[in-house]
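*Asks:* Quick mapping for you: the protein sequence lines, in order, are chains A and B. Going by the numbering used here, 24 is the number at position 24 of the first sequence; the sequence numbering is gapless. Count along the second sequence from 1, add 1000, and you get the number used in the numbering used here.
Take these hints with a grain of salt, some might be off.
Which stretches of chain B does chain A cover? Using the computed rule of at least three CB atoms under 8 Å from a CB of chain A, they are [to be verified]:
#1 1003 to 1009
#2 1021 to 1035
#3 1092 to 1100
Don't read these hints as lab results, they were simulated from the structure. C-beta: ideal position from N, C-alpha, C; glycine also.
Here is what each chain is made of, one letter per residue.
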Amino acid sequence: MVESAGAALVIQGLAKRYGQRVALDGLDLRVPTGVVYGFLGPNGAGKTTTMRILTGLIHPDAGAVEMLGRPFGRRDRHRLFEVGALIESPSFYPFLNGRENLRALAAAGAPVPKTRVDEVLTLVNLRDRAGDKVSGYSLGMKQRLGIASALLSEPKLLLLDEPANGLDPAGIVGMRDTLKALAAEGRTVLVSSHILSEVEQLADVVGIIARGKLVREGPIDSLLHEEGAVRVRVSPDEVPVAGPALEALAGASNVSIDATAPAGWLVVRFDPSRAGELNRALAAAGVYASRIEGGTTLESLFLEVTGSTPDVGRTGVAGMGVPS
Amino acid sequence: MRLFRSGIRKLVRRPATYVTFLLLAGLVLLILLAVTAAANQATEPESAVASKLFLTFPGAWALILTVVIGIGGLLAVTYGAAIAGSEWAWGTLKAAIARGESRWRYATAGFAAVVVVTWVGMLLCYAVGIIAAIVGANLTGTSLAGLGDTSQLAEMPGLMARAGLALAMEASIGFAIATIARSQLAGIGVGIGVYFAEGIASVFVPGIIRWFPFAAANAMLSGTSGARVAGGGGGAALASSTGRLDTDVAIVVVLAWLVGAMLVAALWTERAEISG
C-alpha cells in the first residue's frame, strides 16, 4: 500500500523492461493534488513508458500506482474515467471532422454530456474549424484537438505528453493559462515536456527522471534555490588565489573548477541572490572577476542531475561550458 | 451500445465503406452486363440458355446472391482488416483505452458495426444485381414468369441468413488478422493471401481445405441453393467436388471460425502491450 494522502498520483517502485532494456528501474513519484507537475527526463529516460502505464496501455513488471486515492492496476480501468490523457501524438480518424472525432471518443470510457464536446472545442479555440476534416488540420490544430479530447470527461487528473508540441505562441500561452486554471480549480495536471522554459513557467512541482529512476523531485522554486550555483570567470592565472577566497565564503566543498568550460571558470554552490558577496570576496583578495553568472535555471539543473551534456551547437562558455 | 452506435457512425462516414460497396456493386453489374451481352450474341441455343441462367428467375434469385457473396467474401476480408488495422495504425484504439474503455468490448463492438454495415452493403448489392438481372431479362427477351416463384422466395430468407453469416465470418478473419498484425495493410495483404492460398490448396488437399473458412462458407451457400458458382477461397475447387461439407456441418464450421476469429481478436486486443 502506498502513502497517498494529499496526492493525486503516487508511484512506488515502478519497473518495466522491454526485453533486455530496462525502461523503468524502480521509479517513485508523488504528484500532489491541485498542482501542475512537470515530468522531465532526457530521451529514453522512461517518461513515455510511465505515461503508458498510467493510461493502461502497458502493464508494469513491478511496483504500485495509486491514482486519485485508489490503487490502479490491470483490472482498474474505471479509474481512468476520471483521468484525461494525451499520450505521444494525438490520435484521430482522418476522415471525420474535429467535432465528430470528439463524439467518437466520447462514446468510449466515461459518459460525456453532448454539450461537453462544444465546450472543450471552445476552450481550445477550435470551434470555428470543428467542422473541418482532421486530415486537413495542422500539427498545432491536432494538438489542440488532442488537448480537447483529454479534457472531455472533466478529469480530476490530466496526463499530457508534450502538450505544447506544434502549438503557436498564442496556443502555448492559451494552453498554459488553461492548465493553470485547471490546477487552480483543484485538478491535477502532469505535463511531460522537453521544453524546459515552458515547464519552468507552467509547473509548480517538477520530477526529473533519468535511466528509469527519479533523480530529483520537489517544488520548482525550492529546487532551483537549493541547487543554486554561481559561475565565476577569472583570469586563469588567478584561479589559485580566487579559489581559496571563494572557499572561505562558500565552504571548501562548494567551490570547483568548471572542467567543462575554458580555463578560468569556477562554479560556486551558493545562493545566487548573494552573488555580490562573492564578488566582494574576490575583490578583497585582489582578483577581479570578468563575469559572474548567477542562478540555476531548470535547464542547468536538468542537465546536471541527469548527467546530460548538450550535444549540438556547443559554444563553450555560452552553452553549458563544454569547450568547443 | 454507445460504442456500437459510434462504430456505425464512423463506418458510414468512412471512404473505405463506399469504395468497397461501389467495387462490389460495380463488379456485379459488370458480370450481369457481360451475361446479357453474351446471351444476346449467342448463336447456339445451348450457349444462349447457359448465358441466360443469371437472367432467368426463379434460379437467378439464388445465383445472383452467390455471385454477391463470392466476390463479397474477398471484399469482406479486406474490409474487416481495414477497419481493425486502422484502429491500431491511427492510434484511435489507444485513445479509447486511455479513456478507460474495455479493450475486448471496444474490439467486439467495432466488429459488430462492421458486420451490420457489411450486411447492409450485401443487401444493397444484391438489390442492384436483381434489378440488373430483370433489366437484362427484358433486353434478352427472357421470361420473368419465375420472378414471383413462391417456393424459391420461401427459400430466400434462409439463404440470405446463411449469406450474412458467411460474410460476417469472412470479415472476422480479416479483422482478426489485422488485429494480430496491428496494421491495415498487413491485415489486408495477409487476408487476401489466405483467401487465395485456400483456393489453391483446395486443388491439392480438398479433404483438409473443406474445413477451412472460405470453403466452408461456400459449401454452406451452395448446398442450400443448388447453385454451383463458388466465389473463391477453397470453394472454387470444391464447388464441383463431392468433398464439400454438408450444409449443416458447414454452418457449424463457419460459426466456429467466426467465434474463433473474434475470440482471437478480442483476446489479442485485451492482452496487447500498446507501445507504439
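*Asks:* Could you run down the list of hints and mark each one as holding or not?
*Replies:* Hint check results:
{"no.": "1", "hint": "1003 to 1009", "in the structure": "holds (count 4)"}
{"no.": "2", "hint": "1021 to 1035", "in the structure": "violated (count 0)"}
{"no.": "3", "hint": "1092 to 1100", "in the structure": "holds (count 8)"}
The structure does not agree with numbered hint 2 stated previously, though it agrees with all others.
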